[in-house]
Structures are given as C-alpha cells and as structure tokens.
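Using the hints, position chain H against chain P.
Protein chains: 2
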Amino acid sequence: MINGKNTVVFALGGNAILQTNDRGTLKEQYRNLKETVQHIMPFLMREDVNVVVTHGNGPQVGNALLRSEISKDTIPPHTLDVCGAETQGSIGYMITQTIQEEFYRINIPRVVVSVVTRTLVNTDDPAFQNPTKYIGPFYSEVEAKKLAEERGWIVKEDSGRGFRRVVPSPMPQEIIEYKAIYDLINHGHLVVSTGGGGIPVVKRDQRLEGIEAVIDKDLASAVLATELKARQFIILTGVSRVSINFGKPDEIKLTSLTLEEAQKHLSEGQFPPGSMGPKIASAIKYLEATDGDVLITSSEALFPALKGEDGTWISRG
Amino acid sequence: MINGKNTVVFALGGNAILQTNDRGTLKEQYRNLKETVQHIMPFLMREDVNVVVTHGNGPQVGNALLRSEISKDTIPPHTLDVCGAETQGSIGYMITQTIQEEFYRINIPRVVVSVVTRTLVNTDDPAFQNPTKYIGPFYSEVEAKKLAEERGWIVKEDSGRGFRRVVPSPMPQEIIEYKAIYDLINHGHLVVSTGGGGIPVVKRDQRLEGIEAVIDKDLASAVLATELKARQFIILTGVSRVSINFGKPDEIKLTSLTLEEAQKHLSEGQFPPGSMGPKIASAIKYLEATDGDVLITSSEALFPALKGEDGTWISRG
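Sequence order for the protein chains is P and H.
Read in full-length UniProt numbering, the first sequence has 281 at position 281, and its numbers run on one by one without any break.
Read in full-length UniProt numbering, the second sequence has 160 at position 160, and its numbers run on one by one without any break.
One or more of the hints may lead you astray.
Identical copies go unnamed one by one, so any copy, or any two together, can satisfy a pair.
Restricting the straight-line Cα-Cα distance to at most 30 Å, the calculated cross-link-like pairs of lysine-lysine (DSSO-like) are [as the list claims (entries may be wrong)]:
| # | residue 1 | residue 2 |
| --- | --- | --- |
| 1 | 203 | 34 |
| 2 | 307 | 248 |
| 3 | 27 | 133 |
| 4 | 27 | 145 |
| 5 | 229 | 307 |
| 6 | 156 | 27 |
| 7 | 179 | 34 |
| 8 | 72 | 34 |
| 9 | 146 | 27 |
| 10 | 146 | 72 |
| 11 | 203 | 27 |
Treat the hints as calculated values from the structure; they're not laboratory data.
All values derive from a computational prediction rather than experimental measurement.
Pulled out of the complex, with its shape left as it was, chain P reads as follows:
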C-alpha cells in the first residue's frame, strides 16, 4: 500500500537541541535548533521529498521528571510516559516553530505539524527483566529504597554517585501513528514525530497501556522509516563520519559501508553502546527491511555528504 520512494526520515541528534555545556534554557534550545535547521533547510524545502523529522528528548525528559519530583509535595507527580508525552509537546512545538520560521522567510506554504507519537514494544522484551537506563535524580540509599517501595520503582547504584531509578529500554516494534504520519506527508505536510523514540506502550488485554521505559530514538526512527518505506534514513549526529578504531592511531573515517560490513563492525564492538552503536544498529534494522540508503553525518556536513563528499553512506551493497 505504502509507496515511500520520495520519503526521507531525518533523525536529529541530541546536540541539535541541547549541547554539552548548555544549561537547558529555552533560548539555548531555540538557538541550537535554528542553527541545525538552517543547515538542513535546503533539503527540507525540496518539493519532491516527503520529510519526517524525529528527535531525542534525553535532557528534556530528565528535566520534566526532575520538575515533577521536586514539586511532588505540591502537585501529584507524573509517570515517565506522561513526562515523555510532555516533551513531545514542548520539543515538537519548538522544532515546528523553528522550521516554520525558515519556511515563512522564503515563502514556502508547507505546514509543519508535530504528532504525539506512541511506540509499541513487546511485553516479553528481555529488557523488562533487566532495566538498565538510569533516569531522574540521585538519592541516598535510604531514600531510594523508600521510593522503590512507595512507587514501585527499581533503583540501582549509579557509578558510586548515589542511587537512581532504572527503567528498561525495550526494542521498538511499531509506531502506532505511522499511517497518520504517512497520510500527512503524502499531503505535503512536514511531520515532526517519534520524539524521544516515542511514548512506550504495550498491548495488554487487547488494549494499549503506557509504560515507564525509554526507547532509543534512532531505533524507533528506523522502525518508522521502514513502515513508511522511506527511500532514505538520515541520522544526524555530532560527527561528520562514522569511524572504526575510534580515537586510536589507526582510526579510519568511513565513507561508505555495506550492510554486511556494518553488521561485522558492530558485532566486533567497533561502535560504543551509548553513542554510535545504536545508530549503526538502527541503520542495519532499516536496511534489512527496505531498499533504501542510510546516511550518518553531522548537520554541518549534510550538503557535502549528499554530494558524496562527506558523511558515511550505508547500503545493502
């Protein structure tokens, strides 16, 4: 049914919104977004391409959770899924406004629309047996154990700095809203979606139940790109090219990779779990299911990369 030959899914990197030394103000977020959007605008404005923009929410959902916990004696606290939904609203709005501003400037009538997005995960995902993602504030052991009892949390010690809550990071299976997103892009709208990897939901007793978990945004974007049969899946990050032997004297910046090479390097531990690893895994996930291409690069290098002069291209080969 879906013919997505002109569709591109664009996963913005965390640094597109908040950078390492930022405090987390709205001003910083708008400034970073504007810089990123200006880099990629010549691409976003192409009339022959349907565009979906996805984004992370790491620092923002951490802040939402922290606000909720700091205020919990005054206002009933929110669960993690609801905090994630909040950040989809706020970040979605900021991205929408930023792209729309550039469109207005050059008289492009395209509407930018942000969709609250849920991501289905399996109830039997092994991640639920072993939650590994630290979220929210640090607590003393006593406080942490009290909260674990009161709120049903799982808490663990985090690198000797205190106790924190941990949640699972299950594999995304389906973007619940993908048909709606498909219909929107095929009417020429630019869609912002799957923020923070989507709000995690499971199917239980024939209904969707929101759960407290985090989903990798690149993996979720790969699922969306596959469902939309996107022609290209572009992952923006802090570096212009993927490296092997990263940080070593024999580091090699890769100009292209086949699916098989990507699988080999990933299984050999070439890509760190917290950063390039999930991006390569996302590329593999998408390439195994489609005929498209993946580009991993920075926003600054996007244009040279599209001309084949920068970035790392990955294809089935």
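Chain H in isolation, oriented as in the chain P frame:
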C-alpha cells in the same frame, strides 16, 4: 475546497479531565476521561462521521507552570507557551490512549492521533492592552514586583489573596494546523487537537512567534469547526442544558435557540463570562460563518440530546 459535511468538532469540558474536588493525579484524569469517553463512544465510533476532539488545559497548564516555578533554581523555567505545548503532549496522549482503548475493545481499527496545535492571534488584539487572566502561583507584593522586573511579567492583586501574574486572552483567528487536521480526518483518523485553545502565536516580521497568553478553548474550537466546515459543533459541559435566569426562581432550561436569540441573551448578560458566556459566544462565532448546528450539553446527556430529548440546540433558525 473543504467539504466538511460529515465532520463534527467535539469540545470536551474541563470536568471531562479534572473535576472540582480532584487533586490532579494522573489516575483521576484517566478515570474522568474514561467515563466521558464511554458516554460519547457510540458517537465517536460512527464510521460516517469525521471526528475532531478538542479539550481544555486550565488546571494542567497551571500545574506545569507551578512545577516550572518551584524548580526554577535547579532547572531553567519554561514560558507559558511551552507549558501549554507540554500539556497538549500529556493530555493529548491521555485522551488518545483512552479513546484507543475503547476502539480496541470493540475492534475498531481507527487510529487516534493527537496533533500539537498552534492558534494565530492578532498582534493588535485589544486583550494585549489589558491582560486579565490570572495564572500561576500567588506571590507577596515584593516578590511579585521583583518577578515582574526580572521576567517582564505583568502582576496584579487577585481578589485580596496576594499578587499573581496576569496574561492576555486574545481572540483566536486561525488554527495553524487546520489543513493537516482536515487531511487526517478525511483519511478516517480521529484527531485530538487545539488543546487548551492551542498554543498562541502571532505573525511578526513574516514569522510565527509564540507568545505568553491564554486562548479560550471553546472559541478556538469554533474557529477550527469553521475552518473544517464542520456540520456540527458539540460543546460538552457540566450541565445538560443552557439556562436563562440561571439559579433564579424563573430559570428556564432552553431546548433550542436561534442564532439571533443567542446573540440577544448574550448581550443581555444572561451567560456568566467565566463559564457559559464563552460557550455561547463560540456557538455564535461558528453559526455566523457556517451552515452547521451547535449542541451544548453534558456527556451524560449526549445521547438523549442527539435524539432531541435533551441538550440545547442552536442553529441559524
């Protein structure tokens, strides 16, 4: 272009999500939503009708702002427009989940999708000269004046209980995303939109700028219903019928009203500004621009009302 003869815009009342004695927990919000949705489900599931659900965000945006202020020494605070966007994410998610659950139960494949929605207001709206809507926490006079200086707020004394920030409540002019909403409903999706009246934006220097203001959700819903050329605009509230001489011995519950009668009663001050007033004004706004009908009733009375046995119907007459 737009033929909305089968479209219904459904404005949920504040009590559909939080009720007077609720503390504001997520559990309460889901419980209230479930009750409302079950009342209106036989309507939402009709295949011959395109449905858009809109909702308020009064208590929730107040809480978002309060969380942001309580935490402001730890996390940079959010502006009111971003708080509004957050609540569109969280409430949109909760409504979506609640309706979707009912659809799953009876095997309806319709996707429920929540759209982050911006509402255009005019920069020269007289409301900007005289902000009247109290928002956020109470402060002492000293604190309030300090905040006014630091943050550019306007503060006023609120009914002798302390000082609060005031923001303008301008008239909604356009729902920025209405074409996207139109496309979604015409593909059979049920859309949740225009939460809290939409995030207010103004056109300035050829761009959309988010502003700190509040928009009446019924008035914004009337604008959306007009743009979608909706056949019906249903406003759910706490009472099953609109009254004149409300609370007096000669109170009359109205079964129907013409546009002209509604205008007359409104101008005679029959409807209180904070409650029924904006609902009647919204009905008038919609009826002046379309050929549709308005129904004002409670969720419990929706079905008798649709059969003409309850509710207040308003039409051009």
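- Query: Broken hints, numbered, in rising order?
  - Reply: none
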